[in-house]
Amino acid sequence: MAARKITTPLTDDVVRDLRAGDAVEITGVVFQARDAAHKRLVALIEAGEELPFELQGAVVYYMGPSPAKPGDVIGSAGPTTSGRMDAYAPLLMRHGLKGMIGKGLRTQEVKDAMRECTAVYFAATGGAGALLAQRIVGNETIAYPELGAEAIARLVVKDFPAIVVNDCHGGDLYEEGRARYAKVEAE
Amino acid sequence: MGEVRDLDVREISAAVRELCITANYDLPRDVYDALVAACAAEESPVGREVLGQLVENADIAARDRVPICQDTGFAVVFAEVGQDVHLVGGTLADAVDEGVRQGYGDGYLRKSVAEEPAQARRNTKDNTPAILHTTLVPGDRVRLTMMAKGGGAENMSSLNMLKPSQGWAGMSQAVVDTVSRAGSNPCPPVIIGVGIGGTIDEVTLLAKKALLRDVGSTHPDPRVAAMEDELLERINALGIGPQGLGGRTTALDVFIEEMPSHIASMPMAVNVQCHAQRHKTVEL
Numbered sequence: 001m002a003a004r005k006i007t008t009p010l011t012d013d014v015v016r017d018l019r020a021g022d023a024v025e026i027t028g029v030v031f032q033a034r035d036a037a038h039k040r041l042v043a044l045i046e047a048g049e050e051l052p053f054e055l056q057g058a059v060v061y062y063m064g065p066s067p068a069k070p071g072d073v074i075g076s077a078g079p080t081t082s083g084r085m086d087a088y089a090p091l092l093m094r095h096g097l098k099g100m101i102g103k104g105l106r107t108q109e110v111k112d113a114m115r116e117c118t119a120v121y122f123a124a125t126g127g128a129g130a131l132l133a134q135r136i137v138g139n140e141t142i143a144y145p146e147l148g149a150e151a152i153a154r155l156v157v158k159d160f161p162a163i164v165v166n167d168c169h170g171g172d173l174y175e176e177g178r179a180r181y182a183k184v185e186a187e
Numbered sequence: 188m189g190e191v192r193d194l195d196v197r198e199i200s201a202a203v204r205e206l207c208i209t210a211n212y213d214l215p216r217d218v219y220d221a222l223v224a225a226c227a228a229e230e231s232p233v234g235r236e237v238l239g240q241l242v243e244n245a246d247i248a249a250r251d252r253v254p255i256c257q258d259t260g261f262a263v264v265f266a267e268v269g270q271d272v273h274l275v276g277g278t279l280a281d282a283v284d285e286g287v288r289q290g291y292g293d294g295y296l297r298k299s300v301a302e303e304p305a306q307a308r309r310n311t312k313d314n315t316p317a318i319l320h321t322t323l324v325p326g327d328r329v330r331l332t333m334m335a336k337g338g339g340a341e342n343m344s345s346l347n348m349l350k351p352s353q354g355w356a357g358m359s360q361a362v363v364d365t366v367s368r369a370g371s372n373p374c375p376p377v378i379i380g381v382g383i384g385g386t387i388d389e390v391t392l393l394a395k396k397a398l399l400r401d402v403g404s405t406h407p408d409p410r411v412a413a414m415e416d417e418l419l420e421r422i423n424a425l426g427i428g429p430q431g432l433g434g435r436t437t438a439l440d441v442f443i444e445e446m447p448s449h450i451a452s453m454p455m456a457v458n459v460q461c462h463a464q465r466h467k468t469v470e471l
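Those protein sequences? They're chains X and R, same order as listed. For the first sequence, counting from 1, position 114 maps to 114 in this note's numbering; every step adds exactly one. For the second sequence, counting from 1, position 234 maps to 421 in this note's numbering; every step adds exactly one.
Each hint should be verified, as a subset may be incorrect.
[As the list claims (entries may be wrong)] Heads up, simulated EDC-like pairs for lysine to aspartate or glutamate below, C-alpha to C-alpha not over 16 angstroms straight-line:
1. Lys396(R) x Asp313(R)
2. Lys298(R) x Glu49(X)
3. Lys69(X) x Asp364(R)
4. Lys183(X) x Asp293(R)
5. Lys183(X) x Glu420(R)
6. Lys158(X) x Glu25(X)
7. Lys183(X) x Glu417(R)
8. Lys39(X) x Glu50(X)
9. Lys183(X) x Glu470(R)
10. Lys396(R) x Asp251(R)
11. Lys298(R) x Glu25(X)
12. Lys39(X) x Glu49(X)
13. Lys467(R) x Asp251(R)
14. Lys69(X) x Glu230(R)
15. Lys312(R) x Glu50(X)
In case anyone wonders, no lab produced these hints; they're calculated from the structure. Predicted, not measured: the structure shown is a model, and the values here were computed from it.
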């Protein structure tokens with residue numbers, strides 16, 4: 001599949017141009033953050049305090065890596081289940097977040113926020129952590145090192161492969177792809 | 188009865204350490220072959236792309252000695268202890284935990300266990316405690332099986348206390364519904380372990396033990412094998428496909444373990460396993 005190359009931070013124009021089902025290769029900075037980090041980010045926003053990174057145009061990667069071996073940039077680094085961040089994602093989008101990389105289903109509230117805020121949700125291949133780590137060329141922990149694998153890190157990715165699942169126009173590849181191949185009625 | 192054989196628990200720790208590391212680096216051959224076959228058979232282009240990535244990922248992990256997946260799992264250990272073995276130098280549980288501690292440390296595996304789960308959720312920092320299932324068996328050997336169980340697929344599992352009147356029709360529908368609801372979350376293509384019968388504790392253990400079978404293997408009882416085939420066909424008709432992006436390969440296999448139930452009960456548990464099916468066995 002021909003992949004479209006995009007760079008971060010994302011602009012509204014780039015996000016509007018992406019459609020569910022598009023294969024992309026992402027280059028630039030993405031921020032590693034999962035459960036515990038999201039809880040803290042939302043607490044900072046609610047308290048009106050400064051965040052550890054610029055949220056405007058940012059892409060977060062729902063991921064907690066395995067430890068890097070000596071000489072490696074990062075350990076295995078595939079996506080975690082995004083649904084656990086659904087409680088936090090709409091607020092982050094309202095404060096400028098433009099892209100999320102993860103895997104798995106999102107709630108309607110998150111999808112609505114993506115339309116309202118012009119944001120996009122990408123799936124990376126879950127369980128391909130060794131392969132995806134090879135597309136991560138920079139890794140610096142910028143907040144909450146005490147959280148270990150759940151710390152926030154500034155990652156530099158090069159041609160990171162992902163697929164647009166939810167676009168800002170209401171497209172949903174999980175629904176469309178499944179309907180295309182289903183032989184029976186979904187539950 | 189043979190003589191009692193002494194076994195130093197340090198040998199158990201060393202074996203568990205090695206199992207943790209190799210299980211996480213080397214995808215079992217049966218799973219690898221199933222992914223290759225699925226890649227050739229899959230109709231969906233994006234599905235083929237994903238399956239190709241998974242095969243390449245397994246190659247990289249084995250070659251570079253790195254984890255297949257960053258979620259290196261909760262360590263679930265099955266210990267079959269011969270009743271003519273005398274363990275010396277400590278307890279079995281401590282020895283298994285020590286092996287997990289060393290394996291997850293020395294192998295650069297992620298520590299994914301949190302204590303006080305409902306409140307503080309503090310990482311225990313060494314991936315202990317392990318989940319240890321011990322059974323006594325004849326003989327003077329100890330057989331250890333380590334399964335690295337990731338959280339994403341485990342979260343999609345289900346316990347179903349069905350009514351006997353629902354029969355196999357109701358039970359099979361509940362299995363399919365569990366996989367349908369899970370959608371893309373558990374990293375399909377999945378492997379499905381189904382426990383039938385027993386009590387709530389036993390049925391979930393049966394479902395987990397079912398996952399230890401080789402992908403592509405046939406159940407020795409033709410009646411159960413037919414139930415497995417029916418479930419696999421229905422699950423792969425859902426269209427979920429690799430990573431939930433649409434396709435024919437939603438599950439690589441379905442395994443059932445069965446035991447009698449109470450006359451009032453028809454328990455069924457589904458243990459969902461991602462494609463990164465990591466388990467390994469050693470005998471001491």
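Hints and how they fare:
{"no.": "1", "hint": "Lys396(R) x Asp313(R)", "verdict": "violated (25 angstroms)"}
{"no.": "2", "hint": "Lys298(R) x Glu49(X)", "verdict": "violated (30 angstroms)"}
{"no.": "3", "hint": "Lys69(X) x Asp364(R)", "verdict": "violated (41 angstroms)"}
{"no.": "4", "hint": "Lys183(X) x Asp293(R)", "verdict": "violated (47 angstroms)"}
{"no.": "5", "hint": "Lys183(X) x Glu420(R)", "verdict": "holds (10 angstroms)"}
{"no.": "6", "hint": "Lys158(X) x Glu25(X)", "verdict": "holds (8 angstroms)"}
{"no.": "7", "hint": "Lys183(X) x Glu417(R)", "verdict": "holds (14 angstroms)"}
{"no.": "8", "hint": "Lys39(X) x Glu50(X)", "verdict": "holds (15 angstroms)"}
{"no.": "9", "hint": "Lys183(X) x Glu470(R)", "verdict": "violated (45 angstroms)"}
{"no.": "10", "hint": "Lys396(R) x Asp251(R)", "verdict": "violated (30 angstroms)"}
{"no.": "11", "hint": "Lys298(R) x Glu25(X)", "verdict": "violated (30 angstroms)"}
{"no.": "12", "hint": "Lys39(X) x Glu49(X)", "verdict": "holds (14 angstroms)"}
{"no.": "13", "hint": "Lys467(R) x Asp251(R)", "verdict": "violated (19 angstroms)"}
{"no.": "14", "hint": "Lys69(X) x Glu230(R)", "verdict": "violated (38 angstroms)"}
{"no.": "15", "hint": "Lys312(R) x Glu50(X)", "verdict": "violated (29 angstroms)"}
Hint violations for this structure: numbers 1, 2, 3, 4, 9, 10, 11, 13, 14 and 15, all remaining hints satisfied.
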